[in-house]
Amino acid sequence: MQPSFKAILDQLPYSRPFLFVDTLEAVSEEGITGTYRFKEDEYFYKGHFKNRPVTPGVILTECMAQIGVVCLGIFLTGTISKENALIALSHHEVTFYKAVVPGELVTVVSKKIYFRFNKLKCKVQLRDPTGALVCEGVISGMLQKKSS
Amino acid sequence: MTTEAIYAKLLPIIQGYLPEDVDTSQVHPDSDLTRELNINSAHLVDIVLDVEDTFDVEFANEDMENLRTMNDAIAIIHKKIN
Numbered sequence: 001m002q003p004s005f006k007a008i009l010d011q012l013p014y015s016r017p018f019l020f021v022d023t024l025e026a027v028s029e030e031g032i033t034g035t036y037r038f039k040e041d042e043y044f045y046k047g048h049f050k051n052r053p054v055t056p057g058v059i060l061t062e063c064m065a066q067i068g069v070v071c072l073g074i075f076l077t078g079t080i081s082k083e084n085a086l087i088a089l090s091h092h093e094v095t096f097y098k099a100v101v102p103g104e105l106v107t108v109v110s111k112k113i114y115f116r117f118n119k120l121k122c123k124v125q126l127r128d129p130t131g132a133l134v135c136e137g138v139i140s141g142m143l144q145k146k147s148s
Numbered sequence: 001m002t003t004e005a006i007y008a009k010l011l012p013i014i015q016g017y018l019p020e021d022v023d024t025s026q027v028h029p030d031s032d033l034t035r036e037l038n039i040n041s042a043h044l045v046d047i048v049l050d051v052e053d054t055f056d057v058e059f060a061n062e063d064m065e066n067l068r069t070m071n072d073a074i075a076i077i078h079k080k081i082n
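First to last, the protein sequences are chains A and B.
Heads up, the first sequence is in the numbering used here, so the first residue is 1 and it goes up one at a time.
Heads up, the second sequence is in the numbering used here, so the first residue is 1 and it goes up one at a time.
Next up, chain A with everything else stripped away, as it sits in the complex (with noise of 0.2 Å):
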């Protein structure tokens, strides 16, 4: 993974066990592409079903947000940091397609519909190894530095 894209995932606020980024492939001022495996262990999975371990819609949807707008966010600004940020989720809306199981690789691509007055608004998809579509949608977020 390249210097710039380890620099974004350093300052991601995140930590185990709600990191859902593993690596950037690709970034730029129009979108970024990521990827992360749900691990067999993840903490939902033990209620996520009873019996039957499948990832939560809402996980999926902070996947798509984590790599899709937060990543992309501090690529745009420069300047978001574990220290700084003012990180959150204002909207989103996703559709889903299929199921995603434990051990499960999957690519987040998004594609930026704007970022004005510090709300990032993008288009996300996130596929499976096949390259079938897992879940889609719009995510919004505001981020910007603390004032004080």
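Just so you know, the hints here were simulated from the structure itself, not pulled from any lab data.
Hints may contain errors.
Here are the in silico distance ranges between beta carbons for each label pair [claimed, not checked]:
id, chain 1, residue 1, chain 2, residue 2, range
1, B, ASP32, A, LYS98, 42 to 52 Å
2, B, THR54, A, LYS123, 16 to 26 Å
3, A, PHE49, B, LEU11, 44 to 54 Å
4, A, ASP22, B, TYR7, 46 to 56 Å
5, A, GLU30, B, ASP32, 31 to 41 Å
6, B, ALA75, A, PRO102, 51 to 61 Å
7, B, ASN82, A, THR130, 50 to 60 Å
Positions of the beta carbon are idealized from the N, C-alpha and C atoms, including for glycine.
Could you slot chain B onto chain A? The hints should help.
Positioned in the frame of chain A, the structure of chain B alone reads:
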């Protein structure tokens, strides 16, 4: 464009972003968009983008910082189109 004409075009934009539990009758020219009408900061950006399209103007960062109420929005739009 008169203040009244701007207000008439601005009102439906604002109303489109009100939370369910804020009635459209609560919108007044001096209503604070975020504090009183509970419009979140992301929707405030959407409002500005809609305003830009509707009035064919462009907001700068400082305009955004000065935007608190309907009257603020009207003043900013008024300055830009006249």
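Cross-check of the supplied hints:
1. ASP32/B / LYS98/A: 42 to 52 Å: 45 Å, holds
2. THR54/B / LYS123/A: 16 to 26 Å: 24 Å, holds
3. PHE49/A / LEU11/B: 44 to 54 Å: Holds, since PHE49/A and LEU11/B (Cβ atoms, about 47 Å apart) stay within the stated range.
4. ASP22/A / TYR7/B: 46 to 56 Å: 51 Å, holds
5. GLU30/A / ASP32/B: 31 to 41 Å: At 36 Å between Cβs, range holds.
6. ALA75/B / PRO102/A: 51 to 61 Å: Distance hint for ALA75/B, PRO102/A holds at roughly 56 Å.
7. ASN82/B / THR130/A: 50 to 60 Å: 58 Å, holds
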